[in-house]
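K.L.:
Using the sequences and the accompanying hints, generate a full structural model.
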Amino acid sequence: MNRNLHSLRTERPQRVLLLGSGALKIGQAGEFDYSGSQALKALREDGVKTVLINPNIATVQTSEELADKVYFLPVTPQFVEMVIAKERIDAILLSFGGQTALNCGLDLEASGVLARYGVRVLGTPVASIRAGEDRKIFAQKMGEIGVKVARSIAANSVDEAIHAAHAIGLPVILRGGFSLGGQGSAIVRGEDELRMRVERAFVGNPQVLVEECLSGWKEVEYEVVRDGADNCITVCNMENVDPMGIHTGESIVVAPSQTLSDADYQMLRNLSIRIVRHLGIVGECNVQWALDPHSSEYRVIEMNPRLSRSSALASKATGYPLAYVAAKIALGYDLPMLTNAVTKTTSAFFEPALDYIVCKAPRWDFDKFAGADKRIGTEMKSVGEVMAIGRSFGEVIQKALRMLETGADGLDPEAFAFPDLERELREPSPRRIFAVAKAFAEGMTVDRVHELTAIDRFFLREIEQVVRMRADLAAKGGGLDAITRDEMLAAKRSGFSDRAIARSVKAGERDVRERRRALGVRPRLAQIDTLAAEYPADTNYLYWTYWASNHDVAPSGRRKVLVLGSGCYRIGSSVEFDWSSVGAVLAARGLGLETIMLNCNPETVSTDYDMCDRLVFDEISLESVLELCDAEQPDGTIVSMGGQTPNNLALKLHDAGVRILGTPAASIDRAEDRRKFSALCDELGIDQPQWFEATSQETLARSVEEMGGFPVVVRPSYVLSGAAMRIAHSAPELSEYLRSATTLSPEHPVVISKFESHAREMEFDAVARDGKIVLWCVAEHIEYAGVHSGDATLVLPPQELNVETIRRVRMVGAKLAEALQVTGPFNVQLLCRDNDVKVIECNLRASRSLPFVSKVLGRDFIRAATRMMLGAEPEAAMNADTLFDLGFVAVKAPQFSFGRLSGADPVLGIEMASTGEVACMGDDADEALLKAMLATGFRFPQKGVLLSLGPMGDKYRFADDARALARTGLALYATAGTAEVLRAEGIECQVAGKSEQGTDGADGPDALDLMRSRAVDFVINIPREFDERGRPDGYRIRRAAIDMNIPLVTDFCVARKLVRALVRRGIADLHPRPLGEYRGRAHGR
Amino acid sequence: MQRPATLQLADGTSCAGASFGADRKVAGEVVFCTGLTGYVETLTDPSYRGQILVLTYPLQGNYGVPDGEDARRAMESGRIQVLGLVVSRHCTGPSHHASRSTLGEWLRREGVPAIEGVDTRSLTKHLRAYGTMAGTLDPGTLPLGAAADRVDGDFVKAVAPCETTRHAGSGPLRILVVDTGCKENIVRSLVSRGASVIRAPYHAAWESHLADVDGILLTNGPGDPAELGALSARIRAVLERGIPTFGICLGHQLLAIAAGARTYKLKFGHRSQNQPVLETSTQRAYVTSQNHGYAVDHASLGSDWEPWFVNLNDGTNEGIRHKFRPFRSVQFHPEAAAGPQDTAYLFDDFLHMVGEVKAVRAS
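Taken in sequence, the protein lines are chains F and Z.
Just so you know, the first sequence maps onto residues 1 to 1085 in the working numbering.
Just so you know, the second sequence maps onto residues 1 to 363 in the working numbering.
Calculated from the structure, these hints are not laboratory results.
Computed from a prediction, not measured in an experiment: that's the story for all the values here.
It is possible that part of the hints are untrue.
Stated by the list, open to error - Listed below are the simulated DMTMM-like cross-link pairs for lysine to aspartate or glutamate, each with C-alpha atoms no more than 25 Å apart in a straight line:
no., chain 1, residue 1, chain 2, residue 2
1, F, Lys-344, Z, Asp-314
2, Z, Lys-267, F, Asp-954
3, Z, Lys-267, Z, Asp-154
4, F, Lys-943, F, Asp-954
5, Z, Lys-267, F, Asp-538
6, F, Lys-344, Z, Glu-279
P.N.:
Next up, the structure:
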């Protein structure tokens, strides 16, 4: 692999610590699984021992194959130091785990820990990192080399910031230093909002920057690599379709830049290299630019001295393995010594030439958050992204918008309604791109749309052309048969799906597909070869395009399997499905099969070109999969690894003649369709919460009455992570919801079921072959049923379930596996009261909890499932009874990103709200829970706890815990009602006023003041039972805790478990042990 | 109905598309370039004289075409040099503050035919595999059987200027540019560094200026260097006088032949803006812009010469220098345009060398 021109630049380290990024959250997502995994591979190739700290159990990098030791611990200085000491670490990598790892590393360096243990920082030196991170030093450094920065004044107080804003002149941008994903940054246009915005910006930031506003300038990024010998390349540049003013993570982005002349391009490239050299980066970094659309004026915005979301995107957009190369450089290799991993013959010192265009589009999930501000801007709020590859802007933007799976079939002007179109264009929400399409459909001019959006006219004209073509198709008489080959080709080249064409000409998707094929209009598989065909390349990295005249590759004659990936990350479908997809590919390869991976998410490891034999980076849609099956002729297709996206295609693919591996497609439909599933349960004698199908408003009341009254759960079929699910507490609420829900899913009926309160919930995960269970596991939720399973805290092995419950759960699983003829992975969610077990739902696919279960038990469920689906024998080492043999306890906890979503109410409900998860291990449940909570941002309280327990019962049930808390010396504060009960129970506490009620009998300080002064550093706020939104004052306290970054718990069960653990264990009682060490303690092995 | 435009290759391969350039049928060598930006610079590069150019990157014309001062800065000669243009998609609604016309309008104005709708990746692969070959571009707008314009013969002569021109610089050094199709940016690169330039066509009696200059620059240009035997012989004769000499691209090949080396046709020519080269003495690597189909054979260099740069991808020669005397040359384009400007420092180095020699001679 390496060209040994001369020896390494630095001494080879022995034991390298790699810091991961922890749970996925807004601003820091799957891209760091990709970068960390590549780094670990690069180190392992060189024979360096690797230790990884990352509590994110759903990642590929925490799988056993990649690092020598994995610690599921919080990425905080305290735990990292413990691991450094224990593992005798001699070098550390800080730039592969996002801002979390970088900040932690900077802390360790500043406090002298790294020096004390003799730990060398590999790659970019700490001083260079600081120069990139500290905006003041950065601006000064830029001055030294004559690079223009936006005018910026650092302010250390609210008054200073206001003064600075006046000095620069409004509008200005406010930013916090050391922030990830632009947190706490905002454009201030008016005097009236200045003080409020400034105050908010100081929350969690000791320093705020007030900057010149470059809103409307082009935003361009360069990914730069520099080695220890000062060789520099820019791997890729990217241009934001949404100009300055919208965070790059919130922007639609294309690569390479489309509207820069060669002079523009080279000017910014030269400046990027000048910066990187001056700051002394060793490895990879990203430089962001603002470019005036009316001149050659520019400003450098920032430089990220680490792998980033943009570098993951650049890596996938070009085929250049940035993270791998950065890791090799950190080890002391120079770029000319390394080989281009795609061509395998040319040098890694080169700049990829693209012969295609790439488009990234972000995905938001605002609908999950009541009260959240749905406008996008300088703060990152998106939860995932997709990348489309093609050869025209129309082809890629339409593909990308479909990949987001928000219901819009490409650039459809009618996808969403806009009551105030101009406002939507001016003040963007996630739907602005559709508003642009709508504007053109209504005849607005390019110039007017440009005025309102500042989007470059190039992109606008391209969009206008697509919109016009859609209208022309619809206006054309004669239906499908009248479409000529040229028209069909033009439509496909502009990115229209078969389905979109079908809608325009009022035909079926299948009819369009047949007509298109009859006309000889087919997409072709084109290679991404990094050199635009200039040199021969044997690359397996492919995409679909209707612009190519023939396939770049021919199918092999080998036995092969197609694995459908997860698609876009979103709330409810995330890195766990990438882990599953990767596991399936590896297992299939292990059986000697050729593997083809189809996925469209640039934040994934499954889309690394070296994971599979063929990577098709494209849409996971019926059209794309059918064309792929036709071109590649796989022997089977796996739909059960990528979550709901491929699962939803199962039946359609089966009907179109695709061979689905594992569980029959009809069974998948039987499990997904509520009615069919319920009939099945009845047949099998499996109990479920009572339910009925809503058919008319008239019979509603009686049906609910018959079922046992409110509250009820309302849900349509085919749900993903509780979208459109909801609890209704009264008849009016129910009818209101039904009116709005019917627009959500017209194809499927709405089901109403009894909501079981105060019931325990469990996850049953298993693998079966021909209906017989091979592997299984039961994990329990700490929260009561009613909190979405994705937001629940899981404990393994179960701590409070009795053997009889587990036996019954196992029986239910066995019956379902048998009846549905399951071959592969499946998951059942159940609830129980006493030993009475009821099934909530059953998914015949890999589940969110599978990585947790697999890694904790040391049994790879995905590998087993894939082997079963491919007809291989179970491996001898696999036994299903490991559940009782665990010598430790593991807890999986959700990560929320409420801090990013201004206004959102941070409560748990039937809708999933978490963006990620962690899992930690301990000698007992207390230790595992504390570690897991710390890994999601919890901090041990030092001063005071604010209690606000809504439901009356909870107030009393918490009394003993409150007493224990008080004994630890923490000050107790409680809102009036809670205080009354606690005092009645003989517990001393101060009453904290609920701000908006003034001094309504409160004898103590105001709750928000307590938080502001940090007299309170832990808030327990339990919303009143069955009130999803909570009471208004509850909301204020909860939201204030989030905005002030004070640990907040809103679930009663979690609060109680956490307080008990806190009382029993201090931070010194939390021990660092790698997973392997815990596993070594299993009994009877 | 309009007939589709076609590009017909000598081996029978045919690509259909739509015309967006001039109504003119042309025949010439078909070559490709994989650069992402810089069609204005590339189309005006004299080295492409007589060739039908395939731009591999599929979206072309996005930022339009400048005129006036902007055009003078971007263009590498006074006109479009390519004989015809082949792209995947031509942008009819360009957007850039300097844009004054579309790419198509410019091509039509200058009488250059162009075709869009071609799978340029597939065509590039074909040309890479079977070598650049002759082809005919028919815009499909002319009467059937119309004859194709063919620009055969002496491309170098066609692109070299007719007269000697002078370009004043602010500094003391004077450079003779022996023009075989010089890109404007070579002259701009010298003048902006303070050098005064005498730019003489290679076929003129440029030796007459030697007494008035401190250095010589041999420029880029089209075609096979072996066909310019007389010119290499003249260069060999001039080398004897010890005037610092720097060659670029064709100039590099001519210098190498003058030094006794051999050139040969590459299986895959270098036609891109991302060619990595390594300076052998320092092990430093640079990204360069290149456009050539011939290369210098290292092994045939005399013992007084050494390889200076090599291509990191295929190991071919990218530069030579004399071990003791101030003669050196590079295969790539330090003046870039279009492409990365990482090796622009070579102009500084050259002028530094010229200055040193001048100082020694003066003393």
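K.L.:
For every hint, state whether the structure bears it out.
P.N.:
Tested hints:
1. F/Lys-344 with Z/Asp-314: Holds, at about 12 Å.
2. Z/Lys-267 with F/Asp-954: 80 Å, violated
3. Z/Lys-267 with Z/Asp-154: Roughly 23 Å between the alpha carbons, so the hint for Z/Lys-267 and Z/Asp-154 holds.
4. F/Lys-943 with F/Asp-954: Distance ~23 Å between F/Lys-943 and F/Asp-954 Cα, so the pair holds.
5. Z/Lys-267 with F/Asp-538: Measuring from Cα to Cα gives roughly 18 Å; hence the hint holds.
6. F/Lys-344 with Z/Glu-279: 22 Å, holds
The structure fails hint 2 only (numbered hints given earlier).
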